[in-house]
Amino acid sequence: MAITVIPRGDVPLGQEHEFFKFVCPPTFGGGPVDAQPATIKFARKLDVMADLPLPAGVKTYNGGNSLRLWLIADPNDSSSNGATFPAKTIRTKKGDVVWVDTGFSFNTHTIHWHGIEPTPMNDGVGHTSFEVSGNFTYQFATNTAGTYIYHCHKNTVLHFIMGLYGLFVVDPPQGPKFAAANAPGAFGFDPVNFSVPIDVEAAWVPGEFDSIWNDLGHNAFMQKCDQNDPAGAGTFTQNGFLNRFRPDIVHITGVVSVPGNPITDPRVSVAAKTNQNILVRLVHAGYTVQEYTLGLDATVIGEDGHPLGVPPFDKYSFPFVIPANTPFRLTSARRYDLLLNSPNAGVFPFQVKFMDWINGTVYQTAQTTVTVV
Amino acid sequence: MKRRDFVKVGLAGMSAVVVGSMEIPPLFRCVARAANLAFDMSFTEALVEMIDKTQVYHWLFSADAGFATTGPSLPGPTIIATYGDKITINFTNNLPQPHGFRIVGTSIGTGVIPNVNKAPANKFTLTFTAPPPGTYLYIDPFYEPVNRILGLHGAFISLPKGGNTPYGGKTTPNVQQLFNDLGSTPQFPGDPWLPPPANRSLIWLFHQVDPWFNARAQAGIFINPDTLKAKFLPRYFLISGKTGAFASDVPNISIVGNIGEPHLIRILNAGLANHSPHLHANHFYVLSKNLVVQNNVLNIDTFTVGPLDTVDWLVPMIRPPDIPGLKSTPLRQLIPHELTTVLYTLQSPLMYPMHCHMEMSQTAAGGNYPQGLITHMIFTGDVDKVPFPV
Ligand SMILES: [Cu+2]
Ligand SMILES: [Cu+2]
Chain A
1 MAITVIPRGD VPLGQEHEFF KFVCPPTFGG GPVDAQPATI KFARKLDVMA DLPLPAGVKT
61 YNGGNSLRLW LIADPNDSSS NGATFPAKTI RTKKGDVVWV DTGFSFNTHT IHWHGIEPTP
121 MNDGVGHTSF EVSGNFTYQF ATNTAGTYIY HCHKNTVLHF IMGLYGLFVV DPPQGPKFAA
181 ANAPGAFGFD PVNFSVPIDV EAAWVPGEFD SIWNDLGHNA FMQKCDQNDP AGAGTFTQNG
241 FLNRFRPDIV HITGVVSVPG NPITDPRVSV AAKTNQNILV RLVHAGYTVQ EYTLGLDATV
301 IGEDGHPLGV PPFDKYSFPF VIPANTPFRL TSARRYDLLL NSPNAGVFPF QVKFMDWING
361 TVYQTAQTTV TVV
Chain B
374 MKRRDFVKVG LAGMSAVVVG SMEIPPLFRC VARAANLAFD MSFTEALVEM IDKTQVYHWL
434 FSADAGFATT GPSLPGPTII ATYGDKITIN FTNNLPQPHG FRIVGTSIGT GVIPNVNKAP
494 ANKFTLTFTA PPPGTYLYID PFYEPVNRIL GLHGAFISLP KGGNTPYGGK TTPNVQQLFN
554 DLGSTPQFPG DPWLPPPANR SLIWLFHQVD PWFNARAQAG IFINPDTLKA KFLPRYFLIS
614 GKTGAFASDV PNISIVGNIG EPHLIRILNA GLANHSPHLH ANHFYVLSKN LVVQNNVLNI
674 DTFTVGPLDT VDWLVPMIRP PDIPGLKSTP LRQLIPHELT TVLYTLQSPL MYPMHCHMEM
734 SQTAAGGNYP QGLITHMIFT GDVDKVPFPV
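Going line by line, the protein sequences match chains A and B.
With the first letter of the first sequence counted as 1, position 333 gets the number 333 in this note's numbering; the numbers rise by one all the way through.
With the first letter of the second sequence counted as 1, position 148 gets the number 521 in this note's numbering; the numbers rise by one all the way through.
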């Protein structure tokens, strides 16, 4: 007896345009669309190619001493083309109306403001709006204080991990030396405005590379554009390997980790005094399951840009404590705002295990420290 | 209302089609919510066409007598019951290996059901009482994880007898507060959540397919569970059996509604990957994880759904909160240019993705971004239910 076949089905009648847009988004420029007066403006440019020098003891899959990256630059910053990895942090205040003039050196890209929630044309997703060629001014408000990221959303599997991302911070009305929080036990907690003063701020943005991927081109393994049959079997590439991620190089906030050596770079390691409030923005910027262990108690005061327990939207939640030396895990693009405060001097380790997203194989472990004097 | 209703402006070489009126989807794909809760299921095999039309051999549950829709499916038929219901399932194993059935997180299940060559011993009748309200994964637990990875899994939903949450009396104060506030507080203008039979509940069943292993099963080769766990390299990443464009604007997967129409999303992961589903345009509330209704109801944009996990989200469908301008001005007046812009399709209604951020899952057959684990949230009108322009 012949075996049953469960067919995929054809493109539903009337959805041909939508299916075609899904595979081959249109391009567009200009903006802002439906403009509102900006209270703050930025400029960003994609993409700047750069070679990240690798420290002694770290090599690419074919023995190379540097790694090709694609970066987002600040065109108004003359130092080193304005390109850094991760991209320069964008910082706004709660309530701002933000314009970001986004330019493109070649090819098309988008920027998605991950966790910020504007209209589709400002959301930076090609297949629900467009990819930018030339210039486009994105417009959105930043109405909730917390930690976000911005990243390219074209062939995202590749463009994100190639380095096209940066941190995006929304400060509370009190300014950048404060964090929105409902943390009654914290030093300096303001129960009226729900904020805590911050003495030391740090960002841990752990990520990985599979260096074989870093040799690929922008449109690697994308589907062919066929207006007449956008889902035709012949339009699908079959020789790609973007389902296979085997990281061989890991970093925290752009500083490549040398196995066995804790990262001492001041962009990553944290220095504070006893009884100071330390805010660490922990952002998962990779494709592994990351398991973290920190030698200090950490209070999670915010998650994914939303402060826990701050009315009215978050009255259903509350901050929680991760006890010292208790492992915890995040997956891609999740963010924790960690509030630390140590009464004791000491050097407290922070460790990230990078584990395969399917079988849990530990690829590498990176370390840094919080030094309290 | 469907986006296809609005597609009017042609693209060279394509015919523009306008399809008729609003279509109300059934609550779920295959529903056992018939007059009686006795029904038949069997273990069978089929070739399932992936998005690139590659046919992949699977072991599947087939919905037989008692279901609204019958036949084998990936995932298996959704079973919906009410807490305390008496349920009888008559199983028949039509495959040449032994199989079985278990509801994960409960003691409900069969023993080993002998293979088809042992007929009539290849039958098993399971009778049980529907467990407390929640989202359950059912699987074939044998040769774990081989049988479920090859396709033998589905969703079992237990509904509460009453109340305004998905959990009846088995809720927590914070979840109860959230549901009390929907539609009755300034932060949630619009409707409360409407329990079934209203179409405000969706099931997203995540699964991954590595055709190499399926081909071995088709050839009758025994698959060692440890080998599968170590070597699994999926090429297709499914949400309720579909991927990519075929999963993005479809009833029962896509979130479709006006601003202020909160939706419950029941997420299950039958595979081996750790997913990181991310929703654009709204932070969601995590109501329940692995049958534990949450005390701390996080309001976040990305969450981890690991192997065998079940997670419930409440998507409030508030107006995307970072659109600049007066909140009292309806979007149809605030963003008229965007709503009338045509970029292959009209930008109205407002469409956003939900996708897994472990971006390997956005591929199919090793590339073809974004034909993987993705769907859309589609806002069709303002909070006063006036539709966006068509
Ligand atoms: Cu996002
Ligand atoms: Cu993102």
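Check before you lean on any hint, since a few could be wrong.
[Stated by the list, open to error] DEER-style ranges, computed between Cβ atoms:
#	chain 1	residue 1	chain 2	residue 2	range
1	A	62	B	669	44 to 50 Å
2	B	498	A	4	48 to 54 Å
3	B	758	A	344	54 to 60 Å
Don't read these hints as lab results, they were simulated from the structure.
We put the beta carbon where it would ideally sit given N, CA and C, even for glycine.
These are the hints, each one checked on the structure:
1. The hinted range of 44 to 50 Å is satisfied by residue 62 (chain A) and residue 669 (chain B), whose Cβ atoms lie roughly 47 Å apart.
2. For the hinted restraint 48 to 54 Å between residue 498 (chain B) and residue 4 (chain A), the CB-CB distance of approximately 25 Å leaves it violated.
3. Checked against the hint of 54 to 60 Å, the C-beta distance between residue 758 (chain B) and residue 344 (chain A) comes to roughly 58 Å, which is consistent with it.
In this structure, the one hint that does not hold is number 2.
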